[in-house]
Amino acid sequence: MDELKAEVGEQTYNEIVNQSLSLFCTSFRS
80 MDELKAEVGE QTYNEIVNQS LSLFCTSFRS
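Its first residue numbered 80, the sequence shown is counted upward by one per residue in this note's numbering.
One or more hints might be untrue.
Computed Cβ-Cβ distance ranges for the label pairs, DEER-style [said to hold, decoys possible]: (1) D81 x F103: 19 to 27 Å; (2) E82 x S109: 32 to 40 Å; (3) S109 x A85: 19 to 27 Å.
None of these hints come from the bench; they were simulated from the model. Glycine residues also receive a C-beta, built at the ideal position from the N, C-alpha and C atoms.
Construct all of the structure, not just a fragment, from the sequences and the given hints.
Here it is in structure tokens:
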């Protein structure tokens, strides 16, 4: 996981996580 973080970059990694959480919440509501 740490290697992935280093490659992608902290900011991009956080954006992907936030996007995934948003999609999960949207799907959960539906």
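Quick rundown of the hints versus the structure:
no.: 1; hint: D81 x F103: 19 to 27 Å; verdict: holds, 23 Å
no.: 2; hint: E82 x S109: 32 to 40 Å; verdict: holds, 35 Å
no.: 3; hint: S109 x A85: 19 to 27 Å; verdict: violated, 35 Å
Hint 3 from the list above is the single one not met by this structure.
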